[in-house]
Amino acid sequence: MKVNHSLWKAGMKKLRCYFMCIAVIMLFVVTITGCGKQESESAKTLAITCVDDLEGKNIGVQIGTTGDIYASDYEGDEAGTKITRFNKGTDAVQALKQGKVDCVIIDEQPALTFINKNSELSILEEEFALEEYAICVAKEKKELTSAINKALQKLKENGTLAQIISNYIGDDTKGKTPYKSLEGTTRENGTLTMATNVAFPPYEYYENGVATGIDVDMAQAVADELGMELVVSDMEFDSIIIAVQSGKADIGVAGMTVTEDRLKNIDFTESYTTAKQVIIVNNGGESEGLSLKEKFYQTFVEQGRWKYIPLGLFNTVIITLCAGIFGIILGFVFAIIRVAHDRNEHRTAVIKTLNTIAKIYLTVFRGTPMMVQLLIMYYVVFASVKVNPLIAAVLAFGLNSAAYVAEAVRAGIMSIEIGQFEAGRSLGFNYAQTMRYIILPQAVKNALPAMCNEFIALLKESSIVGYIGLMDLTKAGDIIRSNTYEALIPLCSVAVVYLLIVMVLTTGVSHLERRLMKDAR
Amino acid sequence: MQDKEVLIEIKDLCKFYGDHLVLDHINTTICRGEVIAIVGPSGCGKSTFLRSMNLLEKPESGAIIFEGINLLDKKTNINLVREKIGMVFQQFNLFPNMTVKENIMLAPVKLKVMGKDEASKKADELLERVGLSDKADAYPGNLSGGQKQRIAIARTMAMNPDVILFDEPTSALDPEMVGEVLEIMKELAREGMTMIVVTHEMGFAREVATRVLFIDEKNIQEDSEPKEFFENPKNARLQEFLSKVR
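Chain order of the listed sequences is G and Y.
Under this note's numbering, the first residue of the first sequence carries the number 1, and numbering increases by one thereafter.
Under this note's numbering, the first residue of the second sequence carries the number 522, and numbering increases by one thereafter.
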């Protein structure tokens with residue numbers, strides 16, 4: 001009777017979880033498709049046919065690009081022009097498809113790729129601006145700048161650069177002249193790290209999981225000339241200049257135009273190609289709607305894109321686990337310092353100092369956004385040191401988590417009667433032994449629910465590591481999305497994976513809690 | 522009893538709470554095998570006095586000399602001394618996350634006073650002595666108050682202490698459970714254990730104690746054998762106190 005009952009309960013629980021998942025997915029579908037349709041109809045009435053029509057419209061740009069800089073001149077004008085800034089060009093285009101913006105100003109080549117894949121989009125004949133692309137280098141590295149200039153000069157003269165560009169641009173020449181490093185190229189001069197934002201075809205994009213494109217090949221050719229090993233580091237576009245400035249990367253190559261503002265912070269080499277800024281609009285045409293099955297195929301099967309998900313998941317799990325363990329250890333130390341201070345009448349100077357440090361630490365780390373802490377860790381603390389971004393992320397998240405664990409554990413310890421402590425001391429245990437054998441086992445039990453919540457928060461918060469160039473689960477979904485121009489399946493899959501992990505964690509902890517509860521009876 | 526060997530000597534002991542003096546130059550000597558009952562009105566400092574003897578309260582001046590060692594000397598390792606001074610609390614303070622037997626075995630094993638097997642044997646013996654052998658695997662949450670206090674006594678006995686301090690051991694108990702705890706304490710006294718007991722149980726003080734101390738006004742006002750203490754009190758405040766508790 002009892003067995004049957006618990007079996008039935010377990011079955012119901014599974015069913016409930018299953019329904020919960022379905023409900024979440026449905027919610028996503030309804031929101032995304034619903035919003036898309038509604039707004040694209042209103043977009044049809046607001047036609048843009050030339051540059052003069054931009055006034056008063058909602059212009060989509062990629063943040064930090066020249067398109068952003070030029071379009072910003074319109075911002076706040078009398079016509080009420082609005083600029084919407086996206087992290088990626090592909091995000092801007094997706095917003096245009098869904099009618100969230102009226103047009104997108106972007107470099108010509110990526111624009112051509114976008115309209116090829118999306119028949120309802122077209123490029124206006126009148127170009128928005130002409131510009132030259134160059135490589136950015138830190139101001140301190142004058143020697144590197146002149147070495148690259150020399151290499152570029154050579155590549156222009158021997159026609160290599162023209163070959164690289166025509167391999168990606170031009171219907172007749174595409175794919176005919178791929179760049180290959182010369183045999184016998186030596187790499188004794190170390191590595192050349194290139195900061196870029198791999199979502200800008202044909203300059204840089206992912207093909208079969210490898211970053212490729214004009215910029216990548218050009219940088220490879222330059223590295224070959226310099227006798228260096230090229231390393232590509234994918235990050236948000238607006239992080240590139242900071243990465244180069246702080247020495248995280250040696251060069252920044254991302255279809256970057258020389259502008260006044262940028263020259264204040266960074267040096268540029270000679271230009272390696274010219275390009276146009278163009279305007280993409282929604283022509284009101286019907287998009288070739290893909291069925292869910294086709295979308296699924298496109299997202300996971302085509303080009304083996306599913307591989308991004310386990311790769312990203314691996315990083316997410318590593319960061320959460322390592323930061324979690326680090327946070328628990330450090331959090332316990334801080335909690336014990338705080339308790340040693342609060343529960344002791346005879347405070348020594350050492351305890352007082354440590355307690356003050358702990359208090360400041362807790363205030364700062366709980367009082368500032370995780371995102372800001374992560375960026376500070378990578379771009380300020382490790383500014384002059386080359387560090388694996390994974391280590392920077394583990395440190396940043398671990399330090400943040402420690403602050404929350406410390407408070408949870410402190411509350412756990414403070415909820416234990418002082419008599420427990422006195423009983424321990426009167427038996428002959430010293431302070432540390434009393435903590436270890438008597439207080440902490442009980443305190444941990446009290447703190448367990450709060451610590452579990454912190455761990456779940458940590459898992460979800462790790463989704464911002466894309467900002468320092470790491471590919472986690474969220475970024476994996478983003479990469480797929482920027483390849484397929486399709487948001488539904490990648491985003492929902494990522495959400496479901498997070499949800500599943502959290503559900504497994506929650507179940508595990510409630511099991512543990514129940515077991516500990518039984519002991520107390 | 523045996524010839525008088527001094528176990529604890531207390532000299533000019535003073536204790537402040539902030540600026541407030543609670544113990545004012547207390548002097549007394551406790552010999553091995555004595556059973557001292559400490560009585561007095563609430564708030565007189567009798568618990569503070571008791572808790573000073575194992576430094577759960579830290580006196581500001583004076584000396585507590587236990588087996589020749591001054592506890593207030595900075596060089597003294599108080600943890601080693603506390604192994605020899607047992608303590609039983611009003612609120613029992615059993616460890617709720619451990620079984621009864623684990624409660625008893627924790628200190629001897631972790632402090633390496635004895636091996637696990639020896640400690641287990643000792644715990645079984647003690648459980649039998651306090652009449653709770655059947656509760657070895659129970660958790661404190663499932664015991665009555667009287668049972669808890671009997672386990673607490675067994676726990677402190679496991680360290681083979683030279684003296685046991687009792688801080689109002691029966692005050693938190695329902696009346697019908699007081700007897701079972703006092704019975705265990707009487708037996709300990711008969712076996713020659715040195716005990717210092719802060720109590721409101723005048724019956725216990727009269728029957729079991731070898732000496733009774735009356736503390737009031739920050740000091741010991743009367744220190745005599747129970748017969749003398751109860752039948753012929755000299756201190757006026759003690760006379761008043763006894764008239765109230767009787």
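Quick caveat, the hints were computed from the structure, so don't treat them as lab data.
Computed from a predicted structure; not experimentally measured.
Just so you know, not all the hints are guaranteed correct.
Straight-line alpha carbon distances no greater than 27 Å define the calculated DSSO-like cross-link-like pairs of lysine-lysine that follow [as the list claims (entries may be wrong)]:
1. LYS352/G x LYS631/Y
2. LYS445/G x LYS656/Y
3. LYS174/G x LYS88/G
4. LYS276/G x LYS176/G
5. LYS445/G x LYS631/Y
6. LYS656/Y x LYS352/G
7. LYS605/Y x LYS707/Y
8. LYS352/G x LYS596/Y
9. LYS150/G x LYS117/G
10. LYS445/G x LYS579/Y
11. LYS532/Y x LYS631/Y
Some chain G residues close to chain Y (C-beta under 7 Å, calculated; not the full set) [as the list claims (entries may be wrong)]:
12. GLU302
13. GLN303
14. GLY304
15. SER426
16. ASN430
17. ALA432
Label pairs and their calculated CB-CB ranges [to be verified]:
18. VAL496/G x ASP658/Y: 56 to 62 Å
19. ILE360/G x PRO562/Y: 52 to 58 Å
20. VAL634/Y x SER510/G: 35 to 41 Å
21. PRO696/Y x LYS460/G: 37 to 43 Å
22. ASP638/Y x SER415/G: 33 to 39 Å
23. SER415/G x LYS631/Y: 52 to 58 Å
Glycine is no exception: its CB is placed at the ideal position from the N, C-alpha and C atoms.
Hints versus structure:
1. LYS352/G x LYS631/Y: Roughly 30 Å between the alpha carbons, so the hint for LYS352/G and LYS631/Y is violated.
2. LYS445/G x LYS656/Y: OK: LYS445/G and LYS656/Y at ~24 Å, within 27 Å.
3. LYS174/G x LYS88/G: holds, 25 Å
4. LYS276/G x LYS176/G: With Cα atoms ~24 Å apart, LYS276/G and LYS176/G stay inside 27 Å; holds.
5. LYS445/G x LYS631/Y: Holds, at about 21 Å.
6. LYS656/Y x LYS352/G: With Cα atoms ~45 Å apart, LYS656/Y and LYS352/G exceed 27 Å; violated.
7. LYS605/Y x LYS707/Y: holds, 20 Å
8. LYS352/G x LYS596/Y: Measuring from Cα to Cα gives roughly 23 Å; hence the hint holds.
9. LYS150/G x LYS117/G: violated, 38 Å
10. LYS445/G x LYS579/Y: violated, 31 Å
11. LYS532/Y x LYS631/Y: violated, 34 Å
12. GLU302: Given a least distance of 56 Å, the restraint on GLU302/G is violated.
13. GLN303: violated, 55 Å
14. GLY304: Since chain Y brings no Cβ nearer than about 52 Å to GLY304/G, farther than 7 Å, the hint is violated.
15. SER426: With Cβ-Cβ at 4 Å, under 7 Å, it holds.
16. ASN430: Holds. Min distance 5 Å.
17. ALA432: violated, 10 Å
18. VAL496/G x ASP658/Y: 56 to 62 Å: At 45 Å between Cβs, range violated.
19. ILE360/G x PRO562/Y: 52 to 58 Å: violated, 47 Å
20. VAL634/Y x SER510/G: 35 to 41 Å: This hint holds: roughly 39 Å between Cβ atoms.
21. PRO696/Y x LYS460/G: 37 to 43 Å: Distance hint for PRO696/Y, LYS460/G is violated at roughly 56 Å.
22. ASP638/Y x SER415/G: 33 to 39 Å: Holds: the Cβ-Cβ distance is about 36 Å, inside 33 to 39 Å.
23. SER415/G x LYS631/Y: 52 to 58 Å: At roughly 23 Å between Cβ atoms, LYS631/Y and SER415/G fall outside 52 to 58 Å, so the hint is violated.
Hint violations for this structure: numbers 1, 6, 9, 10, 11, 12, 13, 14, 17, 18, 19, 21, 23, all remaining hints satisfied.
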